[in-house]
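Engineer: Heads up: the sequence lines are chains A and B, in that order.
Take the first sequence: its letter number 245 is residue 245 in UniProt numbering, and every next letter is one higher.
Take the second sequence: its letter number 96 is residue 96 in UniProt numbering, and every next letter is one higher.
Everything labelled a hint here was simulated from the structure, so no lab data went into it.
Everything hinted at is true.
Quick list of in silico lysine to any residue cross-link-like pairs, SDA-like style, CA-CA up to 25 Å: (1) A:475 / B:132; (2) A:362 / A:493; (3) A:345 / B:116.
Footprint (simulated), chain B over chain A, 3 or more residues, beta carbon under 8 Å: (4) 205-218; (5) 258-266; (6) 446-452.
Listed next, with one range per pair, are the computed distances between beta-carbon atoms: (7) B:246 / A:112: 14 to 24 Å; (8) B:220 / A:306: 57 to 67 Å; (9) A:168 / B:207: 56 to 66 Å; (10) A:237 / B:211: 47 to 57 Å; (11) B:211 / A:61: 34 to 44 Å; (12) A:312 / B:227: 37 to 47 Å; (13) A:61 / B:207: 35 to 45 Å; (14) A:313 / B:101: 39 to 49 Å.
Beta carbons are placed, not taken as given, at the ideal position from N, Cα and C, and that holds for glycine.
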Amino acid sequence: MASSVISSSPFLCKSAQKDLGFPKSSQISVHRCQKRAISRKIVSVMAPQRSSSATGSVKTGMTMTEKILAKAAEKSQVVPGDNIWVNVDVLMTHDVCGPGAFGIFKREFGEKAKVWDPEKIVVIPDHYIFTTDKRANRNVDIMREHCREQNIKYFYDITDLGDFRANPDYKGVCHVALAQEGHCRPGEVLLGTDSHTCTAGAFGQFATGIGNTDAGFVLGTGKILLKVPPTMRFILDGEMPSYLQAKDLILQIIGEISVAGATYKTMEFSGTTIESLTMEERMTLCNMVVEAGGKNGVIPPDATTFNYVENRTSVPFEPVYSDGNASFIADYRFDVSKLEPVVAKPHSPDNRALARECKDVKIDRVYIGSCTGGKTEDFMAAAKLFHAAGKQVKVPTFLVPATQKVWMDVYALPVPGAGGKTCAQIFEEAGCDTPTSPSCGACLGGPADTYARLNEPQVCVSTTNRNFPGRMGHKEGQIYLVSPYTAAASALTGHVTDPREFLQ
Amino acid sequence: MAAASLRSVNPTLPRTLASPTRSPPFQSPFLRFAPASTTSFNLKPLVTAPAPSSSPFVTRSAAASPQERKTFHGLCYVVGDNIDTDQIIPAEFLTLVPSNPDEYQKLGSHALVGLPASYEDRFVEPGETKTKYSIVIGGENFGCGSSREHAPVCLGAAGAKAVVAQSYARIFFRNSVATGEIYPLDSEVRVCDECRTGDVATVELREGDSVLINHTTGKEYRLKAIGDAGPVIDAGGIFAYARKAGMIPSAAAA
Numbered sequence: 001m002a003s004s005v006i007s008s009s010p011f012l013c014k015s016a017q018k019d020l021g022f023p024k025s026s027q028i029s030v031h032r033c034q035k036r037a038i039s040r041k042i043v044s045v046m047a048p049q050r051s052s053s054a055t056g057s058v059k060t061g062m063t064m065t066e067k068i069l070a071k072a073a074e075k076s077q078v079v080p081g082d083n084i085w086v087n088v089d090v091l092m093t094h095d096v097c098g099p100g101a102f103g104i105f106k107r108e109f110g111e112k113a114k115v116w117d118p119e120k121i122v123v124i125p126d127h128y129i130f131t132t133d134k135r136a137n138r139n140v141d142i143m144r145e146h147c148r149e150q151n152i153k154y155f156y157d158i159t160d161l162g163d164f165r166a167n168p169d170y171k172g173v174c175h176v177a178l179a180q181e182g183h184c185r186p187g188e189v190l191l192g193t194d195s196h197t198c199t200a201g202a203f204g205q206f207a208t209g210i211g212n213t214d215a216g217f218v219l220g221t222g223k224i225l226l227k228v229p230p231t232m233r234f235i236l237d238g239e240m241p242s243y244l245q246a247k248d249l250i251l252q253i254i255g256e257i258s259v260a261g262a263t264y265k266t267m268e269f270s271g272t273t274i275e276s277l278t279m280e281e282r283m284t285l286c287n288m289v290v291e292a293g294g295k296n297g298v299i300p301p302d303a304t305t306f307n308y309v310e311n312r313t314s315v316p317f318e319p320v321y322s323d324g325n326a327s328f329i330a331d332y333r334f335d336v337s338k339l340e341p342v343v344a345k346p347h348s349p350d351n352r353a354l355a356r357e358c359k360d361v362k363i364d365r366v367y368i369g370s371c372t373g374g375k376t377e378d379f380m381a382a383a384k385l386f387h388a389a390g391k392q393v394k395v396p397t398f399l400v401p402a403t404q405k406v407w408m409d410v411y412a413l414p415v416p417g418a419g420g421k422t423c424a425q426i427f428e429e430a431g432c433d434t435p436t437s438p439s440c441g442a443c444l445g446g447p448a449d450t451y452a453r454l455n456e457p458q459v460c461v462s463t464t465n466r467n468f469p470g471r472m473g474h475k476e477g478q479i480y481l482v483s484p485y486t487a488a489a490s491a492l493t494g495h496v497t498d499p500r501e502f503l504q
Numbered sequence: 001m002a003a004a005s006l007r008s009v010n011p012t013l014p015r016t017l018a019s020p021t022r023s024p025p026f027q028s029p030f031l032r033f034a035p036a037s038t039t040s041f042n043l044k045p046l047v048t049a050p051a052p053s054s055s056p057f058v059t060r061s062a063a064a065s066p067q068e069r070k071t072f073h074g075l076c077y078v079v080g081d082n083i084d085t086d087q088i089i090p091a092e093f094l095t096l097v098p099s100n101p102d103e104y105q106k107l108g109s110h111a112l113v114g115l116p117a118s119y120e121d122r123f124v125e126p127g128e129t130k131t132k133y134s135i136v137i138g139g140e141n142f143g144c145g146s147s148r149e150h151a152p153v154c155l156g157a158a159g160a161k162a163v164v165a166q167s168y169a170r171i172f173f174r175n176s177v178a179t180g181e182i183y184p185l186d187s188e189v190r191v192c193d194e195c196r197t198g199d200v201a202t203v204e205l206r207e208g209d210s211v212l213i214n215h216t217t218g219k220e221y222r223l224k225a226i227g228d229a230g231p232v233i234d235a236g237g238i239f240a241y242a243r244k245a246g247m248i249p250s251a252a253a254a
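Using the sequences provided together with the hints, build the complete structure.
Structural biologist: In structure tokens, the structure reads:
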């Protein structure tokens with residue numbers, strides 16, 4: 001088993017050893033980690049990599065991800081590097097990639113082909129919905145046709161773009177909708193034509209993003225060829241400070257290992273802090289695994305998970321857990337009680353800085369939304385800070401609930417400690433923009449008329465997941481990725497602001 | 001399990017795929033490298049001859065063996081590290097559906113248009129649909145960000161043939177292999193520091209000994225073996241690979 005040495009730094013960073021023959025792109029992670037952590041003692045720890053014996057009679061311990069994939073491939077054992085055909089439990093697609101995926105499906109399997117299982121496909125229009133862009137609108141129509149023809153059970157359709165509430169089936173952002181509608185279950189394999197499909201790993205399942213061609217293949221066969229990834233383990237212990245959120249945790253980690261630090265690997269999160277997180281916070285954590293290059297993220301399922309899942313689906317599931325003698329390619333430990341709110345400065349999710357060290361950065365707008373930071377608890381947090389501050393925002397503050405359910409929560413749920421006020425009321429009093437129709441919105445820019453799109457070279461503080469040049473629209477836009485608390489605090493001052501200014 | 005037919009999973013999959021697909025499938029620039037020979041890996045009933053189905057690798061698979069020499073020659077376009085999918089193809093263009101031939105061409109015209117203004121040479125000139133650059137030279141983590149297949153597709157649609165980068169983000173790499181739109185190659189050193197946009201170069205793929213030759217500087221760089229993706233590329237993409245493995249019906253099956 002791996003042993004560790006505790007250094008005197010607030011948190012411990014252990015660099016990944018050189019790779020063991022995995023795709024070479026993983027090697028840069030070592031270089032980057034060492035570049036960033038110059039002032040901290042780096043301890044190299046590597047859990048011994050075991051290979052199955054030649055006779056196959058010795059059973060090696062497996063990580064959660066290895067177990068999930070082994071079961072889905074109907075094998076008793078897999079090791080990282082194995083290329084296996086895996087059964088898919090759920091395939092998700094949306095308005096942007098769905099037409100292309102079905103186009104490929106038809107071309108490869110024939111015009112009359114039927115999908116492998118019309119109940120295992122979930123089609124969720126969410127990216128470019130509330131727009132006059134004709135192609136965007138057409139893409140939703142194309143998906144409607146495919147779903148009708150294939151008898152797809154789960155199609156969260158929208159036809160009345162003028163009033164999202166007039167569409168009983170419409171949900172909104174796919175990754176949040178998948179969870180809310182009970183499609184995420186421990187132990188399963190979930191694929192989606194979107195990079196943030198890794199969000200569902202919060203439920204203790206294997207979830208990753210794929211392209212149209214792979215999706216077209218899955219549509220016809222229900223299987224995909226996957227290489228078993230090695231697992232990096234992130235153990236987060238300690239009591240979560242009241243001003244810290246899961247977004248801070250994942251930005252901390254990405255800043256530690258870089259945007260390619262987890263390429264081709266699984267990021268497994270465990271520890272007492274993880275156990276204390278709600279499902280939505282776990283989703284935020286796993287959501288940005290792809291921003292570190294990760295193949296998938298996983299969190300061991302527990303009572304919190306089962307409670308959430310069983311309230312939303314009656315489909316049986318089988319949770320899995322990493323064996324005690326499983327091999328991990330790297331181990332990182334964090335003492336969360338010592339962490340501070342962080343931001344990712346332009347133009348990379350790993351361009352980490354302490355929020356308090358950016359207080360001189362003047363901003364032009366704040367955006368609260370997306371699968372990363374537009375869930376009910378994200379809005380609750382922002383509202384809680386606005387209420388504690390009792391002030392008005394100094395810059396335009398855009399609120400984009402991820403789904404219909406989130407929108408309804410924003411208008412219906414009382415914010416704890418706010419005397420019965422709802423998020424919507426608090427937002428209004430603080431001078432924020434009215435919460436808009438739920439969708440992916442301006443997280444990825446979108447068509448020119450997308451609400452809150454960054455159309456000028458402005459500085460935007462955002463609860464979203466990427467800040468590469470042009471991400472939210474304008475190429476010279478400057479995007480600071482933050483937690484909902486930090487977003488709210490920044491809105492109140494007109495500068496990047498540590499939420500402790502208002503929460504302590 | 002590898003040999004099991006998937007018809008037990010999806011009984012609706014036809015035993016033969018004799019019905020022609022929509023006509024005509026678009027021509028991918030990969031088709032410029034016509035196979036040296038044709039084998040019995042016969043997909044003719046699947047498509048209207050002679051173009052292949054979705055993946056141009058399908059055509060190459062008709063002849064390609066791992067030992068076959070593949071060559072790409074042309075001008076280089078050099079970019080830096082962490083070129084993400086929003087820079088390769090900004091999100092506003094994702095309404096274009098890659099499997100639609102007209103929109104496929106349009107995607108090509110927007111390739112790399114998201115690069116900041118500091119890139120003075122544009123990959124595709126305004127008003128054009130094709131690029132004059134055949135080889136994209138990148139740094140680390142090329143293609144990071146989204147899973148959008150539009151990214152490798154637009155590069156291929158624009159006319160680029162290969163990317164030589166220090167490292168790739170996994171979804172982009174996988175999509176490149178799956179679609180066959182652009183050949184993703186790993187360099188051993190930072191070729192992006194040693195090549196300039198406009199350099200004339202050749203990429204030669206050989207069994208265990210692939211190279212990038214920069215004719216303008218005279219330097220040669222070893223390229224890494226394609227790794228686990230090799231069998232999928234050599235077969236001709238994921239569909240062809242699955243057919244070869246007996247996973248999905250081949251058009252030749254009776």
